[in-house]
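In the numbering used here, the protein residues as written are 1 to 140.
Note that these hints are calculated values from the structure, not bench results. You can take every hint at face value.
If you anchor each label on the Cβ, the simulated ranges turn out as follows:
1. Pro-58 <-> Tyr-93: 15 to 21 Å
2. Ser-24 <-> Lys-55: 16 to 22 Å
3. Glu-100 <-> Pro-39: 50 to 56 Å
4. Leu-124 <-> Glu-51: 34 to 40 Å
5. Arg-32 <-> Leu-132: 47 to 53 Å
6. Gln-45 <-> Val-88: 25 to 31 Å
7. Gly-81 <-> Leu-106: 31 to 37 Å
8. Trp-120 <-> Gln-45: 44 to 50 Å
9. Tyr-109 <-> Asn-41: 51 to 57 Å
10. Phe-90 <-> Arg-32: 36 to 42 Å
11. Gly-27 <-> Lys-55: 19 to 25 Å
Heads up, simulated SDA-like pairs for lysine to any residue below, C-alpha to C-alpha not over 20 Å straight-line:
12. Lys-125 <-> Ile-104
13. Lys-110 <-> His-127
14. Lys-110 <-> Glu-100
15. Lys-110 <-> Val-96
Glycine included, C-beta positions come from ideal geometry on N, C-alpha and C.
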Amino acid sequence: MKSETQKGMTLFEGLPSMDPAVESLLGQGQRRQAESHLPKNEQSQKRKERERAQKRLPHRINLDLPQDLKTQLERLAKKEGVPVSQLVAFLLYSPVRQLENRAISLFGYKTASGCRKFDWNIDLKRHAEEVLGNAEKSIR
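Could you build all of it, start to finish, from the sequences and the hints given here?
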């Protein structure tokens with residue numbers, strides 16, 4: 001594995017896949033170097049943005065959503081003029097409380113998971129079809 005050099009600096013772009021931690025460190029170094037050439041007020045602004053993002057990390061969660069649901073959420077958030085994350089949080093309060101109080105159940109939607117981490121998966125397709133089917137019936 002031969003790396004090229006340019007003006008005395010080693011270029012790591014040609015390397016095969018690397019450890020994510022190493023890749024992150026290289027990215028941070030490149031970011032710092034690029035920011036060091038910015039005016040002081042822009043450097044300060046970038047630093048404050050990073051600090052705000054760091055403070056939000058404990059409140060973040062990554063979700064895998066069906067594409068149609070994601071599209072609906074984005075459309076509704078845009079229509080209402082609110083962030084998607086706040087819309088999702090707003091919409092989740094009631095069902096979470098209902099699930100905790102056993103007013104609703106996952107019974108009938110759970111399918112065995114082939115993963116060690118989880119015992120079950122939820123059949124989202126079936127649930128979506130039922131919700132959308134019930135919505136169409138109530139319109140008629």
